[in-house]
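Sequences and hints are given; from them, build the entire structure.
These are the residues of each chain, in order.
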Amino acid sequence: MPKANVTFEKLGVTISVPAGTRLIEISEKVGASITYGCREGECGTCIMKIVSGMEYMSERSVLEDKVLQENMAGRDQRLACQAQVLGGDIVVKA
Amino acid sequence: MKTMPDATEIAPGIHWVGALDPALREFDIILRTANGTTYNSYCVRGEHGVAVIDTVKASHADEFFARLEQVARYDEITTIVLNHLEPDHSGALPELMRRAPQAKLYISAKAQLMLKALVQTDTLAFEVVQTGDAVDLGGRTLRFYSTPFLHWPDTQCTLAAEDGILFSGDAFGCHFCDARLFNDRVGDFRFSFEYYYQHIMRPFREHVLEALDLLAPLPLRVIAPAHGPVLRDAPQSYMQRYRQLAAPLLPNEIGAGTRSLLVFYISSYGNTARMAQAVAEGAESEAGVRVSLYDLQSSAGLPFVDLIEEADALAIGSPTINGDAVKPVWDLLSSLAVIKVCDKLGAAFGSYGWSGEAINMIEDRLRGLKLRVPIKGVRARLIPTEEELARCRDLGKQLAQHLTGNLERRVISMSELLAQESSHA
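Taken in order, these protein sequences are the chains called A and B. For what it's worth, the numbering used here labels the leading residue of the first sequence as 1, then goes sequentially. For what it's worth, the numbering used here labels the leading residue of the second sequence as 95, then goes sequentially.
There may be inaccurate statements among the hints.
[To be verified] Label-pair ranges, simulated between beta-carbon atoms: (1) A/R39 to B/D122: 26 to 32 Å; (2) A/P18 to B/F285: 21 to 27 Å; (3) B/T217 to A/V51: 35 to 41 Å; (4) B/S428 to A/E40: 26 to 32 Å; (5) B/G499 to A/Q69: 34 to 40 Å; (6) B/T498 to A/D76: 26 to 32 Å; (7) B/L512 to A/G88: 19 to 25 Å; (8) B/E288 to A/K10: 31 to 37 Å; (9) A/G88 to B/E288: 49 to 55 Å; (10) B/I348 to A/V51: 26 to 32 Å; (11) B/E170 to A/R39: 46 to 52 Å; (12) A/S16 to B/I124: 42 to 48 Å; (13) A/G88 to B/S509: 17 to 23 Å.
[As the list claims (entries may be wrong)] Here are some chain B residues pointing at chain A (derived, C-beta under 7 Å): (14) L212; (15) A273; (16) L275; (17) R466; (18) L501; (19) S507; (20) M508; (21) L511.
[To be verified] Below 27 Å or equal to it, Euclidean Cα-Cα: the simulated DSS-like pairs (lysine-lysine) are: (22) B/K204 to A/K66; (23) B/K434 to A/K29; (24) A/K10 to B/K434; (25) A/K93 to A/K3; (26) B/K210 to A/K49; (27) A/K29 to A/K93; (28) A/K29 to A/K10; (29) A/K10 to B/K470; (30) B/K464 to A/K10.
None of these hints come from the bench; they were simulated from the model. Don't be surprised by glycine CBs; every beta carbon is placed ideally from N, CA and C.
As structure tokens, then:
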């Protein structure tokens, strides 16, 4: 199964995960301080910054894009509950 | 003492038109006040336009409109500014916009979503402003200053530039109701000013300092906040006080390179206490970390929150009693809402009799407060074994290494994480 390495920059840990895993699932397990609310891509609570490796993330869905825009998120931000890692090396600010 | 003032002149053509709420004793459930509060709104008249800065709580709208009508007609109002959208300032907005439909509303970018949720209509026209933007009222200019997180994401200040009057929103405000309105006339409100800062602004002290850097150079004659007295006597002194209040409460004792770990515990039979001691020992073995150990028993009222504000990491030990962490632990954790704890490190440990839920509960709470909890906590059934105490020492050491940056970096697999989790479940 394809793997992705996700590094939580502030936490200083790198996790190897199966492709398709959502960021929120990883952050929960690793103890990163990403808070979440609805887990359904609506509330915008779990907005997080992707430091590098955005090209290895799933495309934004229409819903995620709408919520990110409403929250004036930058191009480097994603909803942890929606964004899936697809492979490669990804660094997140958490 | 006059109890119901008319619209009150602050400068020629600039009036306070707010509302008094002298009967209020608890504000927003969480704040106490000994004599109520005021919802300050201001009316600024220019040569070709009239602006209303902030409104009042809906329950006090009649009082506000009565004062506003003393100094302006609704058809003269061209501009409405909301420095902050909490309901105590936006409550009368829908009615004001109904009465003055030609007026343009100015809010901060972050206020947009709140406006939609508060007014519950998509049809309200507004313009987003930030630092550098201005509105010309004719001979009077309103300049906007973005001051986010004083104390909501949306907060901003508005300056009547020619007059040097800063409408500061909740910043520099307090819950103090006195119809004499001005700081040189009202009773002693110092404790209310300090209390308001400690409960409303303190969690955002970095933002307070940024805002002070932005606002302090302005040639101010008056600070006109959204609650409490209008500060026309020595307004700069209130900025200086904010700067003092935003500084650490305790003098710094350790060098800049030294990190601080606080270990809190409470223990029924000494088991969790032994674990706490082991966590502290492990952390102390790492140079550059100052470790402090505190027993939460009989500690109610001690200012641990001040210590935690300055610390880099917290480790909390609690026994599990009836499936829960014990009350002094929750009391400590619930006291942290008034400070910034985001990004500090956290950890939990404790002894238990038959289930041991407290550790996970504390970890969840720490994560909920946005602390990072990088190391799985240690649980020990009743008396900790040597192996469990060694794990406690390792927990302390790893926490300390996270603080000093001396942690060995390696890639952990998700399955390893899941296995760790199930072994602790």
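(request) Against the structure, test the hints numbered earlier, and report the numbers of the ones violated in rising order. (result) Numbers 2, 14, 15, 16, in rising order.
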